[in-house]
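Participant: Chain by chain, the residues:
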Amino acid sequence: MEAEIFNQRTDLTALNAAVAEIRQTLGNIIVGQQETINFLIAGLLADGHMLLEGVPGVAKTLSAKLLAKSIAASFSRIQFTPDLMPSDVLGTSVFDPRTAAFEYRKGPVFGHIILIDEINRAPAKTQSALFEVMEERQVTVDGHTYLMEEPFMVLATQNPIEHEGTYRLPEAQLDRFLFKIEIKYPSLEEEIMILTNQHQQKLDNELKEVKAVLSIEQIKTCRTIIKALHVEPKLIAYAAKIVHETRNNKSVYLGASPRASLAIINSSKAIAAMEGRDFVTPEDIIKVATPVLAHRIMLTPDKEMEGLTTSDMIKQIIQKIEIPR
Amino acid sequence: MNRIFAFIIFAMLTMTCMSGTVFSASVPEKVLKYDTGKVSVRKFDAEQLKNYSTERAFIYQDNLPESESWWSRSWSRFWRWFREGLQSAFKQKYSGTILQYIVIGLFVGIVIFAIFKIIGLDFKLFSGKSAPVAVPYSEAAENIHEINFNDELSTAILAGNYRLAVRLCYLSTLKRLSDKNMISWQPEKTNQAYLMEITDVEKRKSFQTLTQQFEYIWYGEFIIDQERFNLVKKNFDVFNGREL
Numbered sequence: 005m006e007a008e009i010f011n012q013r014t015d016l017t018a019l020n021a022a023v024a025e026i027r028q029t030l031g032n033i034i035v036g037q038q039e040t041i042n043f044l045i046a047g048l049l050a051d052g053h054m055l056l057e058g059v060p061g062v063a064k065t066l067s068a069k070l071l072a073k074s075i076a077a078s079f080s081r082i083q084f085t086p087d088l089m090p091s092d093v094l095g096t097s098v099f100d101p102r103t104a105a106f107e108y109r110k111g112p113v114f115g116h117i118i119l120i121d122e123i124n125r126a127p128a129k130t131q132s133a134l135f136e137v138m139e140e141r142q143v144t145v146d147g148h149t150y151l152m153e154e155p156f157m158v159l160a161t162q163n164p165i166e167h168e169g170t171y172r173l174p175e176a177q178l179d180r181f182l183f184k185i186e187i188k189y190p191s192l193e194e195e196i197m198i199l200t201n202q203h204q205q206k207l208d209n210e211l212k213e214v215k216a217v218l219s220i221e222q223i224k225t226c227r228t229i230i231k232a233l234h235v236e237p238k239l240i241a242y243a244a245k246i247v248h249e250t251r252n253n254k255s256v257y258l259g260a261s262p263r264a265s266l267a268i269i270n271s272s273k274a275i276a277a278m279e280g281r282d283f284v285t286p287e288d289i290i291k292v293a294t295p296v297l298a299h300r301i302m303l304t305p306d307k308e309m310e311g312l313t314t315s316d317m318i319k320q321i322i323q324k325i326e327i328p329r
Numbered sequence: 012m013n014r015i016f017a018f019i020i021f022a023m024l025t026m027t028c029m030s031g032t033v034f035s036a037s038v039p040e041k042v043l044k045y046d047t048g049k050v051s052v053r054k055f056d057a058e059q060l061k062n063y064s065t066e067r068a069f070i071y072q073d074n075l076p077e078s079e080s081w082w083s084r085s086w087s088r089f090w091r092w093f094r095e096g097l098q099s100a101f102k103q104k105y106s107g108t109i110l111q112y113i114v115i116g117l118f119v120g121i122v123i124f125a126i127f128k129i130i131g132l133d134f135k136l137f138s139g140k141s142a143p144v145a146v147p148y149s150e151a152a153e154n155i156h157e158i159n160f161n162d163e164l165s166t167a168i169l170a171g172n173y174r175l176a177v178r179l180c181y182l183s184t185l186k187r188l189s190d191k192n193m194i195s196w197q198p199e200k201t202n203q204a205y206l207m208e209i210t211d212v213e214k215r216k217s218f219q220t221l222t223q224q225f226e227y228i229w230y231g232e233f234i235i236d237q238e239r240f241n242l243v244k245k246n247f248d249v250f251n252g253r254e255l
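Chains as they are written, first to last, in the numbering used here: chain H, 5 to 329; chain A, 12 to 255.
The set of hints was computed from the structure by calculation and includes no laboratory data.
Note that CB positions come from ideal geometry on N, CA and C, so glycine has one too.
Among these hints, one or two may not hold up.
Pair by pair, the computed Cβ-Cβ distance ranges are [stated by the list, open to error]:
#1 Ile126(A) x Tyr189(H): 53 to 59 angstroms
#2 Pro174(H) x Gln203(A): 32 to 38 angstroms
#3 Gln223(A) x Glu39(H): 18 to 24 angstroms
#4 Ile123(A) x Thr313(H): 35 to 41 angstroms
#5 Gln223(A) x Asp306(H): 42 to 48 angstroms
#6 Gly116(A) x Lys238(H): 48 to 54 angstroms
Computed cross-link-like contacts, SDA-like style, restricted to lysine to any residue with a CA-CA straight-line distance of at most 25 angstroms [what the hints assert, rightly or not]:
#7 Lys200(A) x Asn253(H)
#8 Lys188(H) x Asp316(H)
#9 Lys244(A) x Glu236(H)
Chain H with its partners taken away, still in its complex shape (with noise of 0.2 angstroms):
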């Protein structure tokens, strides 16, 4: 049976060698996680920022690090806590005796990847300062506008708002996150390899040998390649019906918004591309739904009392619904 029949249209070589470089460097430290490392690449060639959530001690901050460290980019890494303030994060004008003018100073926002530590733990005065320069790359101080240099990204780690001394985000700022990944438990077999790795001191010489593997042009190259892959009109069709779908169904308070929708369709281009494909399929949208969509609705409250996810509402609704075929 011949199987190869049609040649690719789009050059993705150096894009998939990218890709596996990245996927090399995160999985050599990081046990597991195959899908949580999927992710952070599809999510860094999508443009978008990323919220890392799981209990304490499952390599959130590890691998945002990582994913920082394997770009040669500018990193600069905030600490929130509940007593921070924006002008801590944005930055701000300090008087200049010599000149007699205020001089602005930024603030630790203005880098590359800047990763967000626990940020949950702010209250959401700190929250509402992201809001610009995650959405418009921007950021306004005294009338003056301080545009971010490409490639921005937010990688943030919180806990599960059930935990203590955690705040929940507020909707705008969730939604200005491309992907929510949910960070689970290694399996036993996981867990004793990362004991391994530990007792054999691995670790830490991974973690120093870590070398940037991705220049900021080649980022540049391969989310212009991304933006141009071919979506098939009943694909675009389907996304939208996915995201509609949240804002008609009963069981859900707040459904996606159409920024849901365009993440949904930027991100399933970048698992095209990393799959090797130069078009969108029914598969790449189902498998970012998810990580799009789950932070963004919001349940009615006797659902959640029932004990339904966000993620399993998800799930029922991709199922409802006819893949175009």
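Given chain H's structure and the hints, the job is docking chain A onto it.
Facilitator: For chain A alone, coordinates are given in the frame of chain H:
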């Protein structure tokens, strides 16, 4: 000590009573005065009174109850019948007025409901949720068990629509797999889900190739000419003839 306290209380009470008597005794007696003013009798103009009496406001006969119309009589009869029916049903007295209001309220509610339904308004106002809206999505209601694949395929090939022809070949293969219980057909399942349902490794591999080709043509919109279509069709024919 207690005696002294009791004496003081007694003395205070006595003084209070006495002071009341003294004050009441000092109020002067009221003297009624007669009105000695001159009374002048005013006379009304008889002509003017006559004119007034002809005005509509002074004709009280107009306010007399009119004889009951047919509608009022029927309405009263209905209420009497309704009350009596309830009384006989429940063996107790009901207030006719309250019942009237309840029935009128129900009637108004039904009318409003009917109007909302007729003009197609959704009930977001009451439920907080809008009624589901159908989105333009043409995939629904296509059942592979009801498609005449031979006719449809011939038409597509004659029209030179090879993309549609490949789609029909793929759907036809899914139908055959479903008929042979190798997959469980459900429109919501993905191609990969069907692939995983095929337990035979060789058949799965062959079907994977067909799926890949279908996806390139259907979702990837790769241009397909007759020559390429013949190659793809051959693959489908081999799978359907030999494997199934």
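Participant: Compare the structure with each hint and give your call.
Facilitator: Each hint, compared with the structure:
1. Ile126(A) x Tyr189(H): 53 to 59 angstroms: Roughly 57 angstroms apart at Cβ, these two residues keep to the hinted range, so it holds.
2. Pro174(H) x Gln203(A): 32 to 38 angstroms: 37 angstroms, holds
3. Gln223(A) x Glu39(H): 18 to 24 angstroms: For glutamate 39(H) against glutamine 223(A), whose Cβ atoms are near 23 angstroms apart, the range 18 to 24 angstroms holds.
4. Ile123(A) x Thr313(H): 35 to 41 angstroms: 39 angstroms, holds
5. Gln223(A) x Asp306(H): 42 to 48 angstroms: Roughly 44 angstroms apart at Cβ, these two residues keep to the hinted range, so it holds.
6. Gly116(A) x Lys238(H): 48 to 54 angstroms: Once the Cβ atoms are compared, 50 angstroms apart, the range 48 to 54 angstroms for lysine 238(H) and glycine 116(A) holds.
7. Lys200(A) x Asn253(H): Between lysine 200(A) and asparagine 253(H) the Cα gap is close to 21 angstroms, so the pair holds against 25 angstroms.
8. Lys188(H) x Asp316(H): Distance ~16 angstroms between lysine 188(H) and aspartate 316(H) Cα, so the pair holds.
9. Lys244(A) x Glu236(H): Distance ~22 angstroms between lysine 244(A) and glutamate 236(H) Cα, so the pair holds.
Of the numbered hints listed earlier, not one is contradicted by the structure.
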